[in-house]
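One letter stands for each residue in the lines below.
6 protein chains.
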Amino acid sequence: MGMHAYLQGLSNLETLNRAPGFFKYQEHTVAAHSFKVAEIAQMLGDIEEIHGAQVDWQRLYEKALNHDYTERFIGDIKTPVKYATPELRHQLAEVEARMTQNFIKNEVPEFLQDRYARRLAEGKDETLEGQILSIADKVDLLYESFGEIEKGNPQSVFLDIFRESLTTILLFRERPSVQYFLKEVLPELLQEEFADRDRLLRATRELLPADL
Amino acid sequence: MGMHAYLQGLSNLETLNRAPGFFKYQEHTVAAHSFKVAEIAQMLGDIEEIHGAQVDWQRLYEKALNHDYTERFIGDIKTPVKYATPELRHQLAEVEARMTQNFIKNEVPEFLQDRYARRLAEGKDETLEGQILSIADKVDLLYESFGEIEKGNPQSVFLDIFRESLTTILLFRERPSVQYFLKEVLPELLQEEFADRDRLLRATRELLPADL
Amino acid sequence: MGMHAYLQGLSNLETLNRAPGFFKYQEHTVAAHSFKVAEIAQMLGDIEEIHGAQVDWQRLYEKALNHDYTERFIGDIKTPVKYATPELRHQLAEVEARMTQNFIKNEVPEFLQDRYARRLAEGKDETLEGQILSIADKVDLLYESFGEIEKGNPQSVFLDIFRESLTTILLFRERPSVQYFLKEVLPELLQEEFADRDRLLRATRELLPADL
Amino acid sequence: MGMHAYLQGLSNLETLNRAPGFFKYQEHTVAAHSFKVAEIAQMLGDIEEIHGAQVDWQRLYEKALNHDYTERFIGDIKTPVKYATPELRHQLAEVEARMTQNFIKNEVPEFLQDRYARRLAEGKDETLEGQILSIADKVDLLYESFGEIEKGNPQSVFLDIFRESLTTILLFRERPSVQYFLKEVLPELLQEEFADRDRLLRATRELLPADL
Amino acid sequence: MGMHAYLQGLSNLETLNRAPGFFKYQEHTVAAHSFKVAEIAQMLGDIEEIHGAQVDWQRLYEKALNHDYTERFIGDIKTPVKYATPELRHQLAEVEARMTQNFIKNEVPEFLQDRYARRLAEGKDETLEGQILSIADKVDLLYESFGEIEKGNPQSVFLDIFRESLTTILLFRERPSVQYFLKEVLPELLQEEFADRDRLLRATRELLPADL
Amino acid sequence: MGMHAYLQGLSNLETLNRAPGFFKYQEHTVAAHSFKVAEIAQMLGDIEEIHGAQVDWQRLYEKALNHDYTERFIGDIKTPVKYATPELRHQLAEVEARMTQNFIKNEVPEFLQDRYARRLAEGKDETLEGQILSIADKVDLLYESFGEIEKGNPQSVFLDIFRESLTTILLFRERPSVQYFLKEVLPELLQEEFADRDRLLRATRELLPADL
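So the protein lines, in turn, are chains R, U, H, Y, W and G. Its first residue numbered 1, the first sequence is counted upward by one per residue in full-length UniProt numbering. Its first residue numbered 1, the second sequence is counted upward by one per residue in full-length UniProt numbering. Its first residue numbered 1, the third sequence is counted upward by one per residue in full-length UniProt numbering. Its first residue numbered 1, the fourth sequence is counted upward by one per residue in full-length UniProt numbering. Its first residue numbered 1, the fifth sequence is counted upward by one per residue in full-length UniProt numbering. Its first residue numbered 1, the sixth sequence is counted upward by one per residue in full-length UniProt numbering.
You may find that some hints are simply not true.
Which copy is meant is left open, because identical chains are indistinguishable; a pair holds if it fits in one copy or across any two.
[As the list claims (entries may be wrong)] Listed below are the simulated DSS-like cross-link pairs for lysine-lysine, each with C-alpha atoms no more than 30 Å apart in a straight line:
1) 24 to 151
2) 183 to 124
3) 24 to 124
Just so you know, the hints here were simulated from the structure itself, not pulled from any lab data.
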């Protein structure tokens, strides 16, 4: 058994849309999202390193690149936000974890199983690299929702997502990379011309700490 | 609380693809599949009635039309065939059933809750109408896989699906509607011109009982 | 001759778009529209029955499900509203009716021809079920135009369609199901957040009778 | 009244597909088809002129470019081949012609009405330019069906269309441009590598006159 | 060597999008754009001729129809506006011109090479027909950007393109066809109902000469 | 100036198709390709490391992830294989390199310019990581062409690409990762069921060295 099943699975991720039927202007595949998160993590890692942190780049790229590979097994569950209780969501996560185990046992050759068990496990841990993944995942979601808002999509759900993404990013506000994002990147984003700019500016201001 | 959430949910089913990324020539939405299953059930019901069975038409249409509405809540789980154990699949079904309960409680007015609990429950029971639903669901899947085979898709998975659909249909071979399907409809389907006809004919012959 | 041609025709309805090139955010196929109309008719039938009417459920589902099957033969004629006189539109309807006759004669086995002549005939008659079909067809069109308005489509044609759909629904305002739609469903729809809500509210108010 | 309605109508032709749901590999819009027919007519006109014919180029381009503009009004009627009698087809053509008249009267300023009446009328007359249009229209259809055959579409209907297109082209076999097409272009097309080449070669051979 | 490669290349232009990923509501292929430019040039030619100009119709149609055929060779270079210097843009044009030469030498039979060298060369020269092509190309771009603005796309880049197109058209304001466009067509376009009409009216007014 | 322009550019790569109009069954975006190449490089790096090589993982991920970012500036030039001379292709590469320089100067803050100049430069150098990138880029192309062949696309161009990809991979046959690919992955790929397997097996056998 070689790695053919793993490699062929990559092309599944090219056809699997994130939140199917949700984005109106631009759909996003799991493959493209993974690429963007890795690119964003790379930039955040730059800032951390320049500010003196020790970045384990191998770990960082590995976490970012592989963090959604397991969506192959269970798909992107259709927004079960409203009708799923926390307990139901927990059950779903467990099912996914066990399918991943089955996949590794069946499709990855033994001498690589440890590496892929690590890569396909939850990457958002307490390490610096795990934190950068958490931030990068939300920066991409913030850009995805901004893409809809910028193009004139008036549904308030995209403003909600923008707000929630920013809220999660702010949990890490002590990190220099988040400081950089808030001070240098976000203002440029908000200076783009688009229809509902005032509403987005207001929503952003309400979330930002007073000193920003 | 009126039925707005239920009605608006119908348009979700227009954007939810069956087995996303699987069909190569023609994608099928859950809405279109539900329509086709109801049309097929209608024809099977005709044959049963003409052969003397008592068809409860209200129940039949209701079962066929609503049998996949709950895919809204959990989506069409990405072919977890290979890496899910029976236990994992059972867990997923349970999660779906409980999300459906939550939906009915939150979105359907009380005086209609009984009706929708019945409509959104599993319809494939032992009644005549439940059996027709089981058959119709597989006849549509057989046509969907045939659509790929007919247009030249060489992947053997479509032949597998054709075979499995036919196998399930044959479980009901005592039903006059299945007899009619096997004797009058299937031969017409097999007479269409397409590339890999011999392989499909062979696969079909192997499954059919000797007297057909 | 079995029913293969009829069944295979179902998949044509999956690829036939309603008003091609018209909807900007979400296209609707004839198959999906038929599904939604049957679901809406089911809900309207519930209300009528609960208010004491005798609903012939078989007839109701049958009418709703099959009411656009014949679009297979002539397609969804490209908005001939502006340049067709009533006489030209009448001629087109006649051509469609005669193609349907030819289809039944050529493709439906004799013992089923009566059933399908009934199902493929115009269903919007004076019976309760015919009225519910007329209402359900417009409720779906109202939701389809609302789908565009809600997502920010500023073209006034969608407001026109919303208005015309509501006008037709109001022709049946004595029916309890229409009362229910106006009092319980429409207000929920209008409470959704979307860009041009005031304009839609105004247009709706102008059409609704004073006591609603 | 200026020509805005006419110009805006051009973008309708960009969204109107020829035979919707028919081509599996590549869809063709009416706009793109009109472009290709004009390009093909240009090449056929070259050959005719080089062989001594007097080509009225203005007329030739005009006929080719505008020959399907009127599909805006009635759309591309869904293959009514099987269930329409000649009489029904005649009626449809008449409806289209009268909608075109209504359009010209309502949307084209008076001083241009003669020009557009000529351009939107049937162009396939007995003149050299009318003949070239007939040929070019079929050469494009032949290429469209070849596009499906070449890419492996096994449905025999594309071979039928290839054959019918060639049959119509052969009606004009005395024309030098058709001679050129048969001797210089068709053999190159048949030398492309594709799956079912033998079948296409055989079908072509059966149609070609013995001396070709 | 016949003209098969040229004809088959036409279908490339059906799949080649103008400015891929740029238009949000309606994509435009090079084939459809060429069709529309030829239709617009035809109308502009009408006006010029009626005002007494001598129109070489063969040259006019030929220029309009073929003006983007060479995009086959180099594609529609991804908006290199921002990061390309004039010198880089000049280099790209030269590469394209030389690929076109190579194509004519390799794929067009010798007796037609002069004709196609003329047709595939830059058509926007100082002749009346060259000027009409320049105008028609921008009228189509103006309509393409208007298509986005009209449907509610709030990105200011479409207003910029509208403005730049109009600016180029105004360079030819002495031409009767441009006078006609400004006085009869543009006001009709601006009377369409759409969201951001005031902004578009303002932008238009600022560009138009005082006497219009 | 922050990194907003860089991050927003990522979403351009989601809409930029590789070789537009070329793949018939599955299109591939530049973003998805970059993701897959990074995943493949990760697996090849595993094998190299296990066989004792010193892998600079940061450099490897960085090269793989960013190797096509610059396609944003010039797009994926439309197969200029046939009509471009080597000199023309060289000129195009130079134009792209200089646009990249302009981009870095204008859009990347000074303290990051060195990092991005390195990341956006040509990555396929003589280092181990550069070699792995060259291999991974071709493994993905091999899988992309196999995707078409497997699904029945009969056009010989996909076999040509499969062959050319394999030929390039074989240039690195001394590398343990290539050995592993040839001995463990490729045989699994060739064991998949698909139509033209014999032809692919033959083509592969002709390329493989005798001892494999």
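Exercise. Mind listing which of the numbered hints don't hold for this structure, in increasing order?
Key: Every hint satisfied by this model.
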